[in-house]
Amino acid sequence: MNKGLKGLEEKVISQDLCAACGACLSLCPYLRSWKGRVVKLDNCNLEEGRCFAYCPRTEVDLDGVYRRIFGKGYEEIEMGPARKIVMARARDPQFTKKAQTGGVVSALFDFALKEGMIQSGILTPRDGELLPQGKIIKNRKKILSCAGSSYVSGPTLEALNRGPWKGRERIGIVGLPCQVLALARMKASKLDKKTPIDRVDLVIGLFCTWALEYKPFMAFLKKRVNGPPIKKLNITPPPERILEVTAGNKLVRIPVDDIRPFIRSSCRVCLDMTAELSDLSVGTVEGKEGWNTVIVRTAMGENLLRRAKKAGFIETKSLPKDNLKHLIEASLLKKRRALDALKERGGIEKGYLNLSADLVKRIVSASGEANP
Amino acid sequence: MSSIAQNAPGKTVLLMGNEAIARGALEAGVKVCAAYPGNPSSEIIGTLAKVAGEMGLHVEWSVNEKVALEVAAAASFAGLRGLCAMKQNGLNVASDFLLNLNLTGTGGGLVLVVADDPSGVSSSNEEDSRIYAKLGDLPLLEPATFQEAKEMTKTAFEISEQLGLPVLIRSVTRVSHARGNVSLDEIPKSSPRPRFENSRPRLAFPPVPNHKVLHEKLNKARQMFETSPFNLYRGPEKPELLVVTSGSGYMYSLEAVVNLGVQDNVGILKMGTTWPLPEKFLLKNLKKTDRILFIEEVDPFLENNVKETYAQNCFDLGLKAFFGKASKDVPEVGELNPEIVTQAIQKLLNVSYEPRPPDYTQRAHEAASDLVPSRTLGFCPGCPHRATYWAIKMALALDGRDGFVLGDIGCYGLGAGPSGFGQMKTLHAMGSGAGLACGFGQLDRFGLEQPVVAVCGDSTFYHAAMPALVNAYYNGSNFLLLLLDNSATAMTGFQPHPGTGSTATGEAAPVVDLKAVCEGFGARVEGVDPFDVSATVETILRLLQDEKGVKVLILKRECALVSAKKQKSLYKVEVDQERCLGEGCGCNRLCTRIFKCPGLMWDSTTEKARIDEAICTGCGVCAEICPASAIRKEVA
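Chains A and B, in that order, give the protein sequences. The opening residue of the first sequence carries number 1 in my numbering; numbering runs sequentially from there. The opening residue of the second sequence carries number 1001 in my numbering; numbering runs sequentially from there.
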């Protein structure tokens, strides 16, 4: 079995399983992304390559990857290792105003840069046409330009591979679950790296249920909006679940069910809602407007949260039990749906994950009762 | 090399077949010469262009063959002698005019030389242009030797004036491009004054009476050819086998007969006037034997016409066996050579002969392998087309809608092969890429979702793509035309054209502004330097996404060979051996495995890429594509 570009093409690109995370980009001249699609430009005949090794959709040995990051295998099946789960929000109104929810990611990132915990960060701003791209960010003003979401995944990790880097800086990255998995695989890979992955000290994960395919989604939006340029997208919380599109002075409301056809196939086989392989993951809290859920997973994550709180960058509260229960249920639901999708695609054992039958059984039978 | 213009009667000089034709025209007192370049005909007008000044000629590269023939015909109508030259495909372009010109007739001698390319070595097709002589009821001569190439050209002018018809000369590669001794005659010093006779209008209609006159002229030609010195018989009085041949087939037949030692058994009937056939002369020779073999290049033209004459007279001639392309004793396609002819005669005579071993060609290649570097057919080092196709490949892949490239003939036609990364998907006539794009560009209404891209060279644009562009605008077609402006008619030998600023004779000429022309035709026009690969990719991608309509992107960069003659290379290019990733993950020999400019070499000892300084032209494109920035360019 080829574990290079040929294998990547067979197992991922041609199967429409690419997550557009960017892990394989700017490593070599054979892969490039354009308008949210990763494109193979030429054949590469290597038996083994980083593109295949880093991809979150090729032969992922979950146990091995979790061991590399957390020192233990894939055990906490509900939503990954968690040292602490709280709700939080940024205290700086500049962040909360621009934020999709509570501005915690922006505030933590700003704090990490300011305190010198990292010297550079990789965030995902969107261009004038809402196309997300990974970008190296070094100051507060630029952080603000990355806040918000277009519900489209973009090749954030390409920025890590592309640089330019000076060679010393410690790096922080904010990524989706597929991206934090790719980062963990990069760290775990035994291939000659040639990238600064070993200087990535901080990984902030974002909760994600799915992301949309850029080109068809944009074509759909353009038709619906019909005219003015789109400024902002926001999905209202359940049970309403409406996509609010701010375009010029117009507000167009679209039921989320209308955009489901544009969900990437890759997202349908993803088991991870809470970006488990991060130092700290951030999402929204249902029913508490303006508050983020924060799952602290590593010592680095814990340290950052504590210091940022102490410095007054964020404030925290404990997460109500019901919310925790909902969170675990939602996380498990994504895992079960992904397992179903893998079954439909020819069986879990033939999918990209190395999951034991025992683990599959545990995921299927797990309940939403709080564990940590 | 001796000048073809020397007035040295009786002197023998070594001339290329095309030069001999040019010399023949000079000895006939030609005044106006026009052509569109095309191998193997290009040197005829090229040679005349060089002596135009001293000989007081008008020589021009016309934009296409039809215009070239019209230019030469105008001279004829005005009483001067005119010469027009083209390759077989060119006659297809000129044929519309030719098949009206036969009806209006000519004044001063008008000779049309068509050089056919058997096997299509430097052509898009393999075609026998002699059929046009029959189609147009026009006299046709076929030179077999270099001396004859000169003599026939001279005679053709006389025949043309005697009949009032254009005369066709059909050459082939091995006559046009080989060299031999030619004995010179006098070049006349004449200066006739041109004048168009208003009392003698040249009108093709009414067609029927004109057609009748044409047939009368053709019959007169038949009479003239009965005694032509260009038709001759060599061999025994009663041969076992009669070889009827023309053109280069004559020399092959002579050689085959000697090879087999069958001079006493085989007669060779060499026909120099192959349309109309001199019937009496032919019948007289057919009576010599009952077994007849035809040796001629490309189609069974002579074969079929001789059989036609035989059928008309078969009661007198009795039963005869014919061998040739129809009987498959001679290959139906591909160029002939002495070996093929030898084997055909050997088989019919059943004499012993040790044929060339089947692995002869392979062994010849092996023997030569140390003498010449092994290279695939492709673009020269530093050719802008390689950079262009690289950008096209990338842009179409990124666009992701399975776009395709329609092309035509020119250096860029190699874009269908490995050096163009297999991007070009259609190849027909000059300008056909743009024409096909007009059609494909209408198919979106039926659901075609693939982007349509056409490529076309600058010279081809003037030749035949301009009407397609007008058509596209008028009919609202939707495609992107990439105009590969390398400021040369490169494939045929860098002849100037309306965009180059000089004429065939080297005089300064106004430059046609491609951009203004395209804009005048209603297209949206942009320009980019193909050596700026990322800008080219970006521009193509953007134009592919653009709103409907016809868009033209002019990729301007001079032909690397033309450029090399004028100036030093742009950059000094080097491969940093430390940075080169070689076969490692991250590169895997992009430059020598995929991009494959011949200026790049893979050093299998160091497992790194190197620049072949002997042939690198310093375009610097490889420095742009190297993923490790190991290839460095410094301004030379």
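Careful: at least some of the hints might be erroneous.
[As the list claims (entries may be wrong)] Taking lysine-lysine and the DSS-like style, the derived pairs with C-alpha atoms no more than 27 Å apart in a straight line are:
| no. | chain 1 | residue 1 | chain 2 | residue 2 |
| --- | --- | --- | --- | --- |
| 1 | A | 35 | B | 1425 |
| 2 | A | 215 | B | 1548 |
| 3 | A | 222 | B | 1548 |
| 4 | A | 6 | B | 1548 |
| 5 | B | 1548 | A | 350 |
| 6 | A | 3 | A | 138 |
| 7 | B | 1633 | A | 35 |
| 8 | A | 35 | A | 142 |
| 9 | A | 215 | B | 1633 |
| 10 | B | 1393 | A | 3 |
| 11 | A | 3 | B | 1548 |
| 12 | A | 231 | A | 194 |
| 13 | B | 1633 | A | 194 |
| 14 | A | 40 | B | 1393 |
| 15 | A | 84 | A | 40 |
| 16 | A | 223 | B | 1548 |
What the hints contain is simulated information worked out from the structure, not anything from laboratory work.
Now the hints, each set against the structure:
{"no.": "1", "hint": "A:35 with B:1425", "result": "holds (26 Å)"}
{"no.": "2", "hint": "A:215 with B:1548", "result": "holds (19 Å)"}
{"no.": "3", "hint": "A:222 with B:1548", "result": "holds (17 Å)"}
{"no.": "4", "hint": "A:6 with B:1548", "result": "violated (36 Å)"}
{"no.": "5", "hint": "B:1548 with A:350", "result": "violated (45 Å)"}
{"no.": "6", "hint": "A:3 with A:138", "result": "violated (35 Å)"}
{"no.": "7", "hint": "B:1633 with A:35", "result": "violated (31 Å)"}
{"no.": "8", "hint": "A:35 with A:142", "result": "holds (22 Å)"}
{"no.": "9", "hint": "A:215 with B:1633", "result": "violated (38 Å)"}
{"no.": "10", "hint": "B:1393 with A:3", "result": "holds (25 Å)"}
{"no.": "11", "hint": "A:3 with B:1548", "result": "violated (42 Å)"}
{"no.": "12", "hint": "A:231 with A:194", "result": "violated (38 Å)"}
{"no.": "13", "hint": "B:1633 with A:194", "result": "holds (24 Å)"}
{"no.": "14", "hint": "A:40 with B:1393", "result": "holds (11 Å)"}
{"no.": "15", "hint": "A:84 with A:40", "result": "violated (42 Å)"}
{"no.": "16", "hint": "A:223 with B:1548", "result": "holds (17 Å)"}
Hint violations for this structure: numbers 4, 5, 6, 7, 9, 11, 12, 15, all remaining hints satisfied.
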